[in-house]
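Colleague: Sequence:
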Amino acid sequence: MVGLVFIIDDDKIYRYATERYIQILNLANDVRAYSDGQEALNYIKQNSKNVDLLPDVIFLDINMPLMDGWDFVDEYLKIQSEMPKDIKLYMVSSSIDERDRVKALNINEVADYVVKPISEEKLKSLISRKTA
0 MVGLVFIIDD DKIYRYATER YIQILNLAND VRAYSDGQEA LNYIKQNSKN VDLLPDVIFL
60 DINMPLMDGW DFVDEYLKIQ SEMPKDIKLY MVSSSIDERD RVKALNINEV ADYVVKPISE
120 EKLKSLISRK TA
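Counted the way numbering that gives the first Met the number 0 counts, the sequence shown spans residues 0 to 131.
If you are wondering where the hints come from, they were derived from the structure by calculation, not from laboratory data.
It is possible that some hints are incorrect.
To be verified - Derived pair list, reagent style DSS-like, types lysine-lysine, alpha-carbon separation capped at 27 Å: (1) Lys87 - Lys11; (2) Lys121 - Lys84; (3) Lys44 - Lys102; (4) Lys77 - Lys102; (5) Lys84 - Lys48; (6) Lys44 - Lys77; (7) Lys102 - Lys87; (8) Lys84 - Lys44; (9) Lys48 - Lys129; (10) Lys102 - Lys11; (11) Lys11 - Lys115; (12) Lys11 - Lys123; (13) Lys102 - Lys115; (14) Lys129 - Lys84; (15) Lys123 - Lys102; (16) Lys48 - Lys87; (17) Lys102 - Lys84; (18) Lys87 - Lys121; (19) Lys77 - Lys48; (20) Lys115 - Lys48; (21) Lys102 - Lys121; (22) Lys48 - Lys121; (23) Lys129 - Lys77; (24) Lys129 - Lys44; (25) Lys11 - Lys44; (26) Lys77 - Lys87; (27) Lys87 - Lys115; (28) Lys87 - Lys123; (29) Lys102 - Lys129.
Claimed, not checked - Pair ranges (Cβ atoms, derived): (30) Ala16 - Glu81: 26 to 36 Å; (31) Pro83 - Asn28: 13 to 23 Å; (32) Lys11 - Asn41: 11 to 21 Å; (33) Ile12 - Glu81: 32 to 42 Å; (34) Ile12 - Leu65: 16 to 26 Å; (35) Gly2 - Ser124: 11 to 21 Å; (36) Ile23 - Asp111: 21 to 31 Å.
The structure displayed is predicted, hence computed values, not measured ones.
Think of the CB as a built atom: it goes at the ideal place given N, C-alpha and C, for glycine as much as any other residue.
Use the sequences and the hints to build the structure in full.
Modeller: Shown next, in the form of structure tokens:
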């Protein structure tokens, strides 16, 4: 089990369903859902020195208004080296466009590219990578 999981996605139903799956499967102590990347990034910046308040895993949607997943990653990379925690970052999208997958996997800090919806087994597998 991990401490904190972030779900960053503008799809309210997806956020709710994924959050519930994580809670029901007892995969994390806490789950926080954000509707855009900027909101989550602000939280991370404000808590960047406190290892207990930082997420262990982030599920990040690519296509969102305001700050999309690519913009989030760009800004996250600027502050990542200052953080006392290794955060698993998963790019999540309904896009099956191979260019999105390749772009995501060419970013060293992105652990994997996942196509929605995420099955129960896949969710368990992704979160367990952090505890392995």
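Colleague: Confirm or reject each hint.
Modeller: Tested hints:
1. Distance check on the hinted pair: Lys87 and Lys11 sit about 22 Å apart at the alpha-carbon level, within 27 Å; holds.
2. With a C-alpha separation of about 23 Å, the suggested pair Lys121 and Lys84 falls inside the 27 Å cut-off, and the hint holds.
3. Between the alpha carbons of Lys44 and Lys102 the distance comes to roughly 25 Å, so the proposed pair stays at or under 27 Å and holds.
4. Restraint check: the Cα-Cα separation between Lys77 and Lys102 comes to about 18 Å, which is no more than 27 Å; the hinted pair holds.
5. Of the supplied pair hints, the one linking Lys84 and Lys48 holds, its CA atoms being roughly 9 Å apart against a limit of 27 Å.
6. Restraint check: the Cα-Cα separation between Lys44 and Lys77 comes to about 11 Å, which is no more than 27 Å; the hinted pair holds.
7. Annotation: proposed proximity of Lys102 to Lys87 holds, straight-line Cα distance about 17 Å (limit 27 Å).
8. Between the alpha carbons of Lys84 and Lys44 the distance comes to roughly 13 Å, so the proposed pair stays at or under 27 Å and holds.
9. For the suggested pair Lys48 and Lys129, the alpha carbons sit about 20 Å apart, so the restraint of at most 27 Å is met.
10. Only pairs whose Cα atoms come within 27 Å are accepted, and Lys102 paired with Lys11 is accepted, the gap being roughly 25 Å.
11. Restraint check for Lys11 and Lys115: the C-alpha separation of about 14 Å stays at or below 27 Å, so the hint holds.
12. Distance restraint check for Lys11 and Lys123: the Cα-Cα separation of roughly 21 Å lies within the 27 Å cut-off, and the hinted pair is therefore satisfied.
13. For the proposed pair Lys102 and Lys115, the alpha carbon gap of about 17 Å is at most 27 Å, so the pair holds.
14. The hinted pair formed by Lys129 and Lys84 meets the criterion: a straight-line CA distance of about 11 Å does not exceed 27 Å.
15. About 24 Å separates the Cα atoms of Lys123 and Lys102, which keeps this hinted pair within 27 Å; it holds.
16. Our distance criterion of 27 Å between C-alpha atoms is met by Lys48 and Lys87, whose separation comes to about 17 Å.
17. Restraint check for Lys102 and Lys84: satisfied, since their Cα atoms lie roughly 24 Å apart, inside the 27 Å limit.
18. A distance of roughly 15 Å separates the Cα atoms of Lys87 and Lys121; the hinted pair therefore holds under the 27 Å criterion.
19. In summary, the hint linking Lys77 to Lys48 is supported, as the alpha carbons are separated by about 15 Å, within the 27 Å threshold.
20. For a cut-off of 27 Å, the pair hint linking Lys115 to Lys48 is broken: about 32 Å separates their Cα positions.
21. Our distance criterion of 27 Å between C-alpha atoms is met by Lys102 and Lys121, whose separation comes to about 21 Å.
22. Between Lys48 and Lys121 the CA atoms are separated by roughly 30 Å; this puts the pair beyond 27 Å, and the hint is violated.
23. A hinted pair counts as satisfied when its Cα atoms are at most 27 Å apart, and Lys129 with Lys77 qualifies at roughly 22 Å.
24. For the proposed pair Lys129 and Lys44, the alpha carbon gap of about 21 Å is at most 27 Å, so the pair holds.
25. Between Lys11 and Lys44 the alpha-carbon distance is near 24 Å, which keeps this suggested pair within the 27 Å criterion.
26. The hinted pair formed by Lys77 and Lys87 meets the criterion: a straight-line CA distance of about 16 Å does not exceed 27 Å.
27. Of the supplied pair hints, the one linking Lys87 and Lys115 holds, its CA atoms being roughly 18 Å apart against a limit of 27 Å.
28. The hinted pair formed by Lys87 and Lys123 meets the criterion: a straight-line CA distance of about 14 Å does not exceed 27 Å.
29. Taken as a hint, the Lys102 and Lys129 pair is honoured in the structure, with Cα atoms around 22 Å apart against an allowance of 27 Å.
30. Ala16 and Glu81 have their C-beta atoms about 33 Å apart, which keeps the hinted 26 to 36 Å range intact.
31. The beta-carbon spacing between Pro83 and Asn28, approximately 18 Å, falls within the hinted interval of 13 to 23 Å.
32. For the hinted restraint 11 to 21 Å between Lys11 and Asn41, the CB-CB distance of approximately 20 Å keeps it satisfied.
33. For the hinted restraint 32 to 42 Å between Ile12 and Glu81, the CB-CB distance of approximately 35 Å keeps it satisfied.
34. Evaluation of the 16 to 26 Å hint for Ile12 and Leu65 yields a pass: the beta carbon distance comes to about 19 Å.
35. With their beta carbons about 18 Å apart, Gly2 and Ser124 fall inside the hinted range of 11 to 21 Å.
36. Between Ile23 and Asp111 the CB atoms are about 22 Å apart, so this pair conforms to the stated range of 21 to 31 Å.
Hint compliance for this structure: hints 20, 22 are broken, all remaining hints hold.
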